[in-house]
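Peer 1: Using the sequences and the accompanying hints, generate a full structural model.
Here the working numbering is used: position 91 in the sequence shown is 557, and no number is missing along the way.
These are calculated hints, taken from the structure and not from any lab test.
Built from N, CA and C at the ideal position, the CB exists for glycine as well.
One should not assume that every hint holds.
Taking lysine-lysine pairs in the DSS-like style, the calculated list, with each CA pair at most 27 Å apart, reads [what the hints assert, rightly or not]:
(1) Lys471 with Lys545
(2) Lys526 with Lys478
(3) Lys505 with Lys478
(4) Lys511 with Lys526
(5) Lys537 with Lys526
(6) Lys471 with Lys505
Using C-beta positions, here's what the derived DEER-type ranges look like [as the list claims (entries may be wrong)]:
(7) Gln533 with Gly479: 32 to 40 Å
(8) Val521 with Leu546: 31 to 39 Å
(9) Glu474 with Leu513: 50 to 58 Å
(10) Ala494 with Leu469: 21 to 29 Å
(11) Glu491 with Met467: 53 to 61 Å
(12) Gln533 with Glu486: 23 to 31 Å
(13) Gln539 with Gly479: 35 to 43 Å
(14) His517 with Ile484: 46 to 54 Å
(15) Ser501 with Leu552: 29 to 37 Å
(16) His517 with Leu552: 51 to 59 Å
(17) Leu552 with Leu495: 33 to 41 Å
(18) Ala508 with Met467: 27 to 35 Å
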Amino acid sequence: MGLPKIPERGRKGSIVDIIESIALEETALAALINSEAEKVQAFAKCLDCNHISDVIDFQKSVSGVIQNAIKMQMLLQFKLENVTDLIDNDCDDFDDHCDKRTKKSK
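Peer 2: Now the structure itself:
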């Protein structure tokens, strides 16, 4: 099995790809959190028919998912900050996206 073919991308294209991947991961996290909210709403409607141990198990499950979503969000924030630094360093390539105040003098 050979290595996958990776298209040649310039630095700007690679940075754009990273930003797009962050946006896609953010969208996926939003969908995950939304589905957890729907699950909680459905569970709450049936609260009288659930045993206390079921409620505790459910709460632990939701808490775990939300904690993992928060961790992923933090990692995405770090990733975005790093990519923002790359853009600031290469501001000439991103003139239409750079704040003139952040341009580094050469």
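Peer 1: May I ask which of the numbered hints given earlier this structure violates, with the numbers listed in increasing order?
Peer 2: 2, 3, 6, 11, 13, 17 and 18
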